[in-house]
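Each chain sits in its own coordinate frame; assemble them with the hints.
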Amino acid sequence: MDVPGLFSDLFYDYTLRTIALGSAILGIVSGALGSYAVLRKQSLLGDAMSHAALPGIALAFLLTGSKMPLVLIVGAALAGWIATLFIMSIVNTTRVKYDTALGMVLSVFFGLGLVLLTVIQKRPDATQAGLDKFLFGQAAALLERDVVTMGMLGASVILITVLFWKEFKLLSFDPDFASTLGFPVRLLDVLLTTLIVIAIVLGLQTVGVVLMSAMIVAPAASARQWTDRLGLMIILSAFFGSLAGISGALLSASVPRLPTGPTIVVSVSVIVVVSMLFAPRRGILWSWWRERRQRGRLRLEGILEDLYSLALDHEDPEHAHSLSVLKLMSAGKGGVEKSLEILGDRGLVRAVGPGEWALTKAGIEAAERTISERSGKSDER
Amino acid sequence: MSGEQIEIHVIASIVAVACAMPGVFLVLRRMAMMSDAISHAILLGIVLAFFLVGDLASPLLIVGAALSGVLTVSLVELINRTRLVKEDASIGLVFPLLFSIGVILIARYAYNIHIDIDAVLLGELAFAPFDRLFVNGHDLGPASLYVMGVILVLNLAFILVFYKELKVATFDAGLAAALGFSPGLIHYGLMGLVSVTAVGAFNAVGSILVVALMIAPPAAAYLLTDSLPRMILLSALIGVVSAVSGFWAAILLDANIAGSMATASGLIFLVVFLIAPGRGLAAAAMRRTRQKREFAGRMLAIHLLNHEGTPEEARESEIAHVEETLRWKGGFTRSVVGYSVKRGMVLVEDGRLRLTEKGREFAGRSVVEEFIA
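Protein chains in written order, with our numbering: chain A, 955 to 1335; chain B, 1339 to 1711.
Everything labelled a hint here was simulated from the structure, so no lab data went into it. Positions of the beta carbon are idealized from the N, C-alpha and C atoms, including for glycine. Some clues are possibly wrong.
Claimed, not checked - Here's a subset of chain A near chain B, in silico, CB distances under 10 Å, partners left out: (1) I1044; (2) A1055; (3) S1241; (4) P1308.
Looking at chain B on its own, in the form it has when it is part of the complex (with noise of 0.2 Å):
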């Protein structure tokens, strides 16, 4: 690995967890959406902020886009007040009219100056080794490792020193408010956050796939686990297997970074949603055909108790006869049969079933409990 691609892995990782922090609380709060209008709003701070100061450089322009995080978030929550619309519909009018404001005003007064919509909202992760810091002289490596590690180490502080209050407000606002914490204040400065963590990673990766390290890595460790510090941890490192499973992925592809780094979040969540253990659809899917079997075996205990010591028993005990009658198919009825079998509840006799006492009284008790429900 060449040095350029080493500090491509650790700056790719440092964004992946800075993203992952302020994201798991998205996931949890609702507000996944809002990253998505923020990462595009913040065009507009940064363009402002440019105009102000007139230096792309300048760390001002991650204050302007932040800025214009907030402005989105508190435009939203204006229109939201209005209740003439709904809330999904107030972020949709919000984003589009911030972000095409952006894009005209450079298109009127920027046109001759470098602000590229592609690089802010697809961004080059290529790039950032050449964009260097050097004090005295001395190189101090890449400009973006330390935007972003003051970023990540931001989020950390925040989620650190606000856990509480964090995990109050997002699981029980209500409580929350009761206990005098200040909705609005986390809600403003978890969102102030978001756009952040956004425009500093906007250079790196693009504010559109921001969006997905935001997102995907928190959805798939929900997937996971029930308690939030190890929904943070899993999100963390969820992240960074994204990134520098996405980054090689690219280099083999010979393909946009970015794009590969989002790809390959999305197939992390991909594979966690099919074989998650209890939620993924994998496990979901043996549960419905444990429980249909365990219903069916109850069904054929009951039957077999039905006709027990009836002129049809012999008949309706034949395994042929109970497979029509239960309308099974061939291979499910073998199963069941199998499974009453394995648990001590019925004895096949030439092709025969009959009740054991253990089954028996299962099938009484089975009886009484669907009476009761």
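Excised from the complex, chain A in its bound form (with noise of 0.2 Å):
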């Protein structure tokens, strides 16, 4: 692959600069808001907005009889308000649960949308060539004048949830203590779903109904794993998922048969695997290295307790003892010989004869030390 030729390309190539830029937008738009669908369980309504979105798009056009992005998004968005509201009511009136709720209205929306784009399609008057990219995307369609509205409109999206920061936050962390403050905390909820719905149509045009749950989850849950603070989360996930919009466009322009699309989502998993493996402390490697610290260092102290219960039935604390017994007092757990040096390096046993092993004066007050933190950790329980 050519990368600075690709670099040069971005920059003066019409259409690929135009479709790097439009998924910048997208990834940075989505990332934000997704963050904030990730955190209130809602990472499926993307999913569910996006499809429903169908027949608002096939409604604006039949009304309108325009296929300017900006009258297709507020139809879209139109269409995913009505499906919200749907599933709002279905699971407060009834028992019917909110993964059904959201499922059932997903589908029934695109059935919908496809019976309106069909009636469309045979109209004599009008053609719906371009609707249908909005089923899969197609970033290589986008045009300079679609950036500029998802520019403006993701630009208005940013703009509101940093004003409404503060209450945002109080909002998807602890609903109930933003009421009794005095937040009105429905009305935010409104505001927060609709920002929400918004960054979804921005991205439908570019990877498609069915992929756009991919930006708002995918960059949202990487952000998730490398920090606590909800500030640093969504400049994070915006940055991952613009990095996702670019190296996808960039990628699927430099291969020949990669669709846009599809290869972003491809980017952001990519970058959704990298964090939950590396990211410190929560990340899977993180962990598995301290367990296996935690490990190591419960063999060693199991084994200074067991030369240490041994010495008390001798006189002589220092008494050495053979090596088949220690294997037998730790049950089988292994790693004895390897432990036995470890700690021999630090001082507190000593090799005594072949196969034999003592504790040390410092060998005696660490097992001491640590079975007397041991009981007072168990007291405070």
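Structure follows, in structure tokens:
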């Protein structure tokens, strides 16, 4: 791959620049708002909203005859809104659960959208060409004016998020507390959900209905692994989103027959995997390493204690004991020789004869210390 | 009706019933969104199986799709177990990736072969009668009739054989584990069925609309009954009604059949949601109104009892005054008074209200009840 060439294309090639810029904006907006969706356990709302937008797009076109991005986005957002309303009222008034309501509204709205699309298709006076791009997304068809629309809408969404920073934060973590403080929780909930819907609708044209849900969940889920702070999480999520957008766009431009939307999704999934594996403190490798270290420490302490309890049975605390007894006492956990060597290096035990080990003075003190520490801990409980 | 139309009816009905069967358990087990995830991920299974056998008509494609469904479920479980993200997020991470890989594989390596993503996702029931099964040159009917028939039998058999296990695992997972049923087996078995059903039905109705037929009829049935066998039967029935009415709506509108069937299933849910006896919106509203009136009648009786025999009694028992004191709206006052008179609690004399013996007793009891509460 010609990387420098790709970057010069990024600045001088109109199409590539447009696509990359559009994908970056999409990544930033969906990454930022997706953080709220993921924290509020609404990860699949993106999936539902992007499917539910279809009848809105079709109706907006049917009513106005216009294919202007703004018109279609408004239609999509309205449909997404009505879908949310349905989901909420089903969940609030019946025993049907959230996931059922979500899945049903998603597929029924999508079905309605298909009906409307085929009805439009068969009208003699209108051409629906282009509307179906919203289904699967076609970043390659992005025009500069689309990017401008996306940019302006995206900027307003981000601006509102910043203005309502404190309120949204409270709403996401402790809505009950927020309402006791006198915040209009219902209204804020509506506002935040609207912003999420707008973020979703913005991406439809680029990555399509089916893949937009990934852009809501994946950057946020990645960012969550690196930080516990909301502010940092949103910034990281926006960064990951734009990173995936740009790299997906560049990759699909440089490899033949590599569709942009799916490539962006694969890029963002790579970011998820890397984050889940390598993030400090939460990451899988980190916890694996920590657990391993903990286990090693426990093993050393165990052998020290075994030696100590053996020593208590003898007059001489530094009496030597055979390796086989220690192995027996460690109940087949293994690694006894290795642990004795480590303890020996630290000067806590010493080899007396072949296969005979004894505590040193420091070892006795250390054993007493760990035993009293442990009983202290269990007292606290 | 033409022969083709009859065939479409039969296929659509079989698809609807086959979808409703596992759908009931998805809805009850709160795993409705897994059907959406699986229905997207089967694309990858179909593509990989196609690369392996090189034949779009091969039944191995169904096996591949079923395996990709199981892969989806396993990956979701794997991510869940890390506890790094919430459960809904793990679903949202898995299926777009699998779907994207499927789309990329098609675009890169199968661009000259006809795997139409639209067809997988959206389906086209109108074409189903044209793909026929021939044995020794005899036309045995549409192929999808047999495919879906086998899947329907499979679903029915699974539910009949594992009915007890399914029921216990669905309503009391802890008990199921204690009794030694393997919840994993039931879980993966059910998800396997969802995958097979989704891939069998994608030809007919497309994989996204499979989700509508899997979820909407059981959700409607869930509002109509408390019994599991009845819920299964009702789901099947509602599924068939959705399929048939959706088909006719599509003919009338000259629109996409599968979309129309999904819309019909949604409309049926909407109707049930509004008027289901006991659990619908209308029933809930009526219950609220009744409770409100009952409570108001009780307040009226207590109010009258409080002022009985006092100097203010004449004034306090005037209907207009009661209305003002209790801050009721005109129509509501009339309905509460009417209701109390009908129940024999209150008498009306020249615009004044008087408790009957029964009303006095009721008011006294109400005061005590309120006090205890």
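| field | Index of numbered hints that the structure contradicts, given in increasing order | value | Hint 4 alone not satisfied by this model.
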